[in-house]
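Kindly produce the complete structure, drawing on both the sequences and the hints.
Here the protein sequences come in this chain order: A and B.
The opening position of the first sequence corresponds to residue 0 in numbering that gives the first Met the number 0, with each subsequent residue numbered one higher.
The opening position of the second sequence corresponds to residue 0 in numbering that gives the first Met the number 0, with each subsequent residue numbered one higher.
Hints listed in this document are in silico derivations from the structure and should not be mistaken for laboratory results.
Here the structure is a predicted model, which means the values were calculated and not measured.
Don't take each hint at face value.
[As the list claims (entries may be wrong)] Keeping only pairs whose Cα atoms sit at most 30 Å apart, straight-line, the calculated DSSO-like set for lysine-lysine is:
no., chain 1, residue 1, chain 2, residue 2
1, B, Lys90, B, Lys113
2, A, Lys281, B, Lys113
3, A, Lys281, B, Lys258
4, A, Lys268, B, Lys287
5, B, Lys151, A, Lys113
6, A, Lys281, B, Lys287
[What the hints assert, rightly or not] Covered stretches of chain A (chain B as the covering partner; in silico rule of three or more C-beta atoms under 8 Å from a C-beta of chain B):
no., stretch
7, 84-96
8, 117-123
9, 218-231
10, 259-272
Backbone N, C-alpha and C define an ideal beta-carbon position, used for all residues, glycine too.
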Amino acid sequence: MGGWAIAVHGGAGVDPNLPLERQEQAKVLLTRCLNIGISALRSSLPAIDVVELVVRELESDPLFNSGRGSALTEKGTVEMEASIMDGHGRRCGAVSGVTTVKSPVSLARLVMEKSPHSYLAFSGAEELRPPTGGVEMVDNEYFITEENVGMLQLAKEANTILFDYRIPTVGFDKCSAVVENPLQMNGLPISVYAPETVGCVVVDGEGRCAAATSTGGLMNKMSGRIGDSPLIGAGTYACEVCGVSCTGEGEAIIRGTLAREVAAVMEYKGLGLQEAVDYVVKERLDQGKAGLIAVSRNGEVAYGFNCIGMFRGCATQDGFMEVGIWE
Amino acid sequence: MGWAIALHGGAGDIPVTLPPERRVPREATLRRCLDIGVAALQSKRSPLDVVELVVRELENCPHFNAGRGSVLTSDGTVEMEACIMDGKTKKCGAVSGLTTVVNPISLSRLVMEKTPHIYLAFDGAEAFAREQGVETLDRSHFITAENIERLKQAKEANRVQLDYTLPTPKEQAKETIVAEGDSQIGTVGCVAVDNNGNLATATSTGGLVNKMVGRIGDTPIIGAGTYANSLCAVSATGKGEAIMRATVARDVAALMEYKGLSLKEATAYVIEECAPKGTAGLVAVSAKGEVTMQFNTTGMFRACATEDGYSEMGIWPSV
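So, in structure tokens, the structure goes:
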């Protein structure tokens, strides 16, 4: 047994021109969340509790694209999604289309523990009211920040420059004269793209792995769009071997079943954690851009990404700690 | 290398005493859908077209739990979901929470081909259906008398379970459901491969009887109920929550890719080792034109055919 380990992320695909002040804010938030996780692990909380706790904290801070601060749909509303998985027993819960529940990750946990199902969406998710209570509700306005209202405007303008139904990553060469910033994620110029899905993976002192991911999704998304974050095996996965949370171009992550893949190459190919992460980022993303964080039951921690930057932080029991954005 | 096709109409506790009036129409539909698929492959339609075509037919049949004939939520409504995936390009589309779309599988294909997204759900998916002009019908079209009765029985069984915490009545309640037979099953799916090794898969379902409104199962989830790549195409059915957790469809492909297992070995491993007993069944084809249909439940409505003339149709384990 290698002791506990934790990693957090705040999204992959960062605008290289992101103001330094914003970079600093992100690092402060990641460090704070990491410290919350570390002290929970030191007080022997199980991995599943720790990932929920850390993601709740990220959701309540408006900086990243989850909970408060979520990206807006084309209608200007917030539709959040989240999932959580306990590697110990492979139990999981997921939610999509959440509009008034303050902490989507905690609602995902309730789906896992208090419903006969694994995944609830839209009104069904909103109406999940366990008799024990514990679901804090807020107005949809709570999640909407002024900054994101402006971003939605920019995204709409960028979209009108392009075309309504784009096939991702095709057509940009031809449009690059029009688009000021050729860097793009998910079909949007990177300055508009809201990458900052959040996630946390933890292995506790007893070798139990867990993972959780939460997001507002894509800026200017169609209402009803589901991305990779709530999908078990795509954005989130945990089993006896490891815990994984992904972020980036959702459609590429879904096609690549990215989170499950890290576990699958460890189980079926015998790769180590870092090897598995590197293999998956290199071989399973095709053209897509994404990043992921992972922990193994042996207390290792790893991350990988194939785009410019990923907000991330990690720490292990033996005192290693790192918070970073760029390579 | 020849073409191959397999389809299913759900796996679960199908009682061997299933009355002929429930068995015969399903067998007839399986046979008819297999013939449609075989004819389409023989006339060189792409596997993606073939799986869509076959699943549309299955959705139109009220005896299976997809499209018309979908089982009902706890509110007595229908919420359908479907998923389609092309093996070569790994392009895919999925929909959930449909209430008026006659053929959910075709809408999932439109999500794949006409939107930058993969997965649309509930009101957004319905709005997209209107925008694309696909055939829609009143919600009542999808609701059959049989499913109203199934919901009633499921609710009664649940009430018994809630009222008595002692194990004995619980068991009795379970028996009632089993005696009723095939209430939880009937998800439909199809996988196909052509002479050039192009693969595709499609799955469609009404979900679970008495499910909570908003419940999403394994069917629309890439890697759980549905998956195809350049090696194989898989469509799974059974207890959604278990299939999701075990990423059943992707694991068949992963075992072939990473462990070098054959299609039959990979599916056998997933069905025997990964998915708990009584929870899953699947149909799969490989790029080489192999076909397999496996399940760890009492039965699975299934049929398959290959170019060299092999054909099989069944419900319970073949002896």
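Hint check:
For the hint linking Lys90 of chain B to Lys113 of chain B, the alpha-carbon distance of about 12 Å falls within 30 Å, and the restraint holds. Simply put, Lys281 of chain A and Lys113 of chain B have alpha-carbon atoms about 28 Å apart, close enough for the 30 Å limit, and the pair holds. For a cut-off of 30 Å, the pair hint linking Lys281 of chain A to Lys258 of chain B stands: about 19 Å separates their Cα positions. With a CA separation close to 23 Å, the supplied pair Lys268 of chain A and Lys287 of chain B stays within the 30 Å bound.
Taking the CA atoms of Lys151 of chain B and Lys113 of chain A, the gap is about 23 Å. The hint holds against a cut of 30 Å. Simply put, Lys281 of chain A and Lys287 of chain B have alpha-carbon atoms about 27 Å apart, close enough for the 30 Å limit, and the pair holds. For a cut-off of 8 Å, the count of residues in the stretch 84-96 of chain A with a CB near a CB of chain B stands at 6, and the three-residue condition holds. Note: the stretch 117-123 of chain A has 7 residues with beta-carbon separation from chain B under 8 Å; the three-residue rule is met and the coverage holds.
Counting residues of the stretch 218-231 of chain A whose beta carbon lies closer than 8 Å to any beta carbon of chain B gives 9, which meets the minimum of three for the stated coverage. Counting residues of the stretch 259-272 of chain A whose beta carbon lies closer than 8 Å to any beta carbon of chain B gives 6, which meets the minimum of three for the stated coverage.
Of the numbered hints listed earlier, not one is contradicted by the structure.
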